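S.K.: Could you put together the complete structure from these sequences and hints?
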Amino acid sequence: MLFNLPVFIHLYERLNSRNDGRCRTSNPIHYVFQTDQSPSSLEPNRASRRAMSSAATTPPSVDKVDGFSRKSVRKAKQKRSQSSSQFRSQGKPIELTPLPLLKDVPAPEQPELFLKKLQQCCTVFDFMDTLSDLKMKEYKRSTLNELVDYVTVSRGYLTEQAYPEVVKMVSYNIFRTLPPSDSNEFDPEEDEPTLEASWPHLQLVYEFFIRFLESQEFQPSIAKKYIDQKFVLQLLELFDSEDPRERDYLKTVLHRIYGKFLGLRAFIRKQINNIFLRFVYETEHFNGVAELLEILGSIINGFALPLKAEHKQFLVKVLIPLHTVRSLSLFHAQLAYCIVQFLEKDPALTEPVIRGLLKFWPKTCSQKEVMYLGELEEILDVIEPTQFVKIQEPLFKQISRCVSSPHFQVAERALYYWNNEYIMSLIEENSSVILPIMFASLYRISKEHWNPAIVALVYNVLKAFMEMNSTLFDELTATYKSDRQREKKKEKEREELWKKLGDLELKRGLRSDGIIPT
Amino acid sequence: MQHKSKMAGADGDDSLYPIAVLIDELRNEDVQLRLNSIKKLSTIALALGVERTRTELLPFLTDTIYDEDEVLLALAEQLGNFTMLVGGPEYVHCLLPPLESLATVEETVVRDKAVESLRKISQEHSPVDLEVHFEPLVKRLASGDWFTSRTSACGLFSVCYPRVSSTVKAEIRQHFRTLCSDDTPMVRRAAASKLGEFAKVLELDYVKSDIISLFTALASDEQDSVRLLAVEACVSIATLLPQEDLETLVMPTLRQAAEDKSWRVRYMVADKFSELQKAVGPEITKNDLVPAFQNLLKDCEAEVRAAAANKVKEFCENLPEDSRETIIMTHILPCVKELVSDTNQHVKSALASVIMGLSTILGKDNTVEHLLPLFLAQLKDECPEVRLNIISNLDCVNEVIGIRQLSQSLLPAIVELAEDAKWRVRLAIIEYMPLLAGQLGVEFFDEKLNTLCMAWLIDHVYAIREAATCNLMKLVEKFGAEWAQNTIVPKVLGMANDPNYLHRMTTLFCINALSEVCGQDITTKQMLPVVLKMSNDQVANVRFNVAKSLQKIGPVLDSNALQTEVKPVLEKLDTDTDMDVKYFAQEAISGKYTTLSIFFLYEVASLGPRSKWPILYVSERSTMCPAECVSQCER
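The listed protein sequences derive, respectively, from chains A and B.
Per numbering that gives the first Met the number 0, the first sequence runs over residues 0 to 517.
Per numbering that gives the first Met the number 0, the second sequence runs over residues 0 to 634.
Source of the hints: derived by calculation from the structure; they are not laboratory data.
Since we're looking at a predicted model, the values are computed, not measured.
All C-beta atoms, glycine included, are put in the ideal place defined by N, C-alpha and C.
Keep in mind that the hints are not guaranteed to be accurate.
Claimed, not checked - Label-pair ranges, simulated between beta-carbon atoms:
id : chain 1 : residue 1 : chain 2 : residue 2 : range
1  : B       : Lys421    : A       : Thr151    : 54 to 64 Å
2  : A       : Asp227    : B       : Thr107    : 42 to 52 Å
3  : B       : Glu50     : A       : Lys462    : 56 to 66 Å
4  : B       : Asn343    : A       : Leu133    : 19 to 29 Å
5  : A       : Thr96     : B       : His330    : 37 to 47 Å
6  : A       : His406    : B       : Arg254    : 50 to 60 Å
7  : A       : Leu133    : B       : Trp145    : 18 to 28 Å
8  : B       : Lys447    : A       : Gln408    : 55 to 65 Å
9  : B       : Cys382    : A       : Pro199    : 31 to 41 Å
10 : B       : Thr107    : A       : Arg485    : 33 to 43 Å
11 : A       : Thr151    : B       : Lys260    : 28 to 38 Å
12 : B       : Lys260    : A       : Glu309    : 48 to 58 Å
M.R.: See the structure below:
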């Protein structure tokens, strides 16, 4: 049941084929939740774990290969950082009394000292003021480092009293109101993210927390008293952080919590729902969509069959509308992955998914259109022939529009479908339905598209159709002209109908104004 | 009743329009055609008559609501105006089923429009229909499964509450309460945003017993997006309550909001500060709001400080008169002083846009002693927007202390803005020139600012040259024709010999703008000869602008000049090799005797609405595209 890594990479690369090197996901989560799995069987595979820890040290690459990156050039690599909106006014300097190292005290005293250190680490420093409390900042950093090592290697330290203290320390440090974004029109595609100023401490806190959650001594039954719904809710809000390093850690934290706390699973899914719905319908702004989708990808993979109504609703009412968002390109790969996961679970969902995509098909954004076409191809790759028949008509009406798009990348992407063997076989089986839909567009652009490459591709497609079904092809060629004339006539009739209706409205309008007596 | 008989009378033609055809239109494959049909839904309904609209069209619309959101939006809007088309108020409830479905759609704009239409037609329901048809709909929406219907319900309570019986009222209050504690934040946000509106239609006792507890709960919601909406409601609620209850019922919550840990909530408090101030009255303002306002001005987030800075003037104005000056001098001014050197330019610029207003409140002496140094500091600010905001509000200070106090610092600031690298900044300062000229007087202007105004005429951005032209006209209006003749006309006319054709055209544009204000004498004797001479220009753009200019200054000239001088030149241009020159020459010939209003002149001078332009404007080699024009010259 383990999720197949090469498939993901393959999918990911194909979706990104137009902008190589723009890979944003630094460490996709490579394993899966089973619905009623016991937490202990949830160990990540070794390779992915290594990927995870290496990613923790190297920030995700944000290289962009883009011919039109004027804006990025102008804004050359300015590293901005921000505080956490929690420092009201400067108080007096902070004093912490240095404690001995844990390894220097006898084992029985260690738990007590561990608690004391946790309490000390609840103190939060202002990192925007780079000169204040330098000594104490350094002290806290080294203490945190020590705590990280301690939870990784020590045994028997996790007393029941330690749980609330750990959660408290983590909460004090990571939970904060995120500051306003620096510029109003922050464009995650173009602008450098604002980095969290307190990262030197924050990173260690996250690191500590993950080691704590992964520790062999960790007992969810005790922890669930402290890691509750409120905790999770605040954790989810942090996914809006602009700092990609923080979102990366959060992803791992949430993933571990989802894995270990069965009682929180439904709640987490529901809150992610709410975040997405707000993102789609209210704000269009949330930085952590890609990360949340990545977690969902592995959650969906573990759904039991038959799918619950709740999950189907999530697909249709949340995941599909996510396609409408302006910043789709930032999380499209993860979104498409989730969608395909659903369809592999339950092929009967193909029809609503494709109809949903067609409903939200982009009208003015060619870049998004190319993404939609890419996703459709991924779906068609796994579609069952019986499902294909159900949606072929509306689907190919849209593809016919794309093929005749004046934007050559859109047309090209759509025409590439004919290079896909599986799609070709589906088209061949249903050529009597598809050919008449496609024919007019293909015939027209073969004569008038401005881009020679597109014309060449169209010729190939026409040729393929001719070989598939030559009788129908000849018939369509013969009737092409009369069909166009019939269309024109229909158009004229429509115009006349509306003109008549308009006259009627005018007449009645006059009559009800009392100008023409009844 | 009368209406009904009219509709019935027209029913005879209905057979002409079988519903099938019309519905076919509504179902067309092409979204655009579907959208067109939906937008003409009223025409379709008219063709069908009221009876068939009710029995056939509306059921069809109700059943087939699965379409693109754009179509649904148009439908939701149309249905709000459908009352007469279904037979008037007694049948208006027929519109509820389709609108109910639309109110459950995911897309917010569609849902909002459906709610808007529902609110509109609720007024057309009789009290009985409201209870029999409308209120059950609200209840159904309020208890819907999916959050969208519950969100929509929030907007409908307040429109039906005042007109229903007391038992139904009690139910409505119960539903609203439930929605305020909904487990979906989207619904709680909708409820919070309608809380103020709902409070307004409730009886005072219920405001105290119900609304206050809901308000308190929403204001301490775990999501800041909900809490901030409660701040908005706070204004309405505080207005409704008697003064003596405010302290216990509202203030604890408001104080908590002003110190909320989320900057979004604090921002909201700052943004609504004037409204809050008016709602809670002078006493609470003195005791509570003044310190709260100080904190907001010192907030750690620039967003909050900027919002508060924007309110400085209004807040000070509305302080109770007896203690206004003391409060400003001891509490507000120290914070304002700090904001002048804030690290964030938006904060400074927000402050600069209102700070001048304080001088009228504080009077001459305080202004000179305390405010003037701040104005001067802001005039030297590194951010042009700050300087601009100060300059644009000079009139307030002028009234109190006269502008002389400032003029020495003003000049460098103006010069710097006039030469700013960003053309929008230059444009903004040009727009304040007439105001400045008026306040500084003609002498100061001639000495210091005239050269700037002339320099703008040869700016490399068209919008600046255009604004400079307009500016000259306003200056002449202020200083008179004689001043124009001595100072600006010679310079403008001198540009007619400039090697750059864009500058030559600027001469023409200036003449267009100035001829009316300068009067017949100057126009005929000085301007006209120059225009006529330019008809031999080698660039076609200049020549057709000559034709346009002649048309524009025509009304100012006497008929003798028109006949003997203008007409021959236009006739010559009419035989030009360039088609655009010909076109405008013909335009001028046919239009030259009609008196053109100054309004039209304005339109042209400022490249007004496209619709006012001759059709050929599109093909005109616009002054905006120098590249194209150059190729024209070479040809």
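S.K.: For each hint given before, does the structure comply? Return the numbers of the non-compliant ones in rising order.
M.R.: 2, 7, 12
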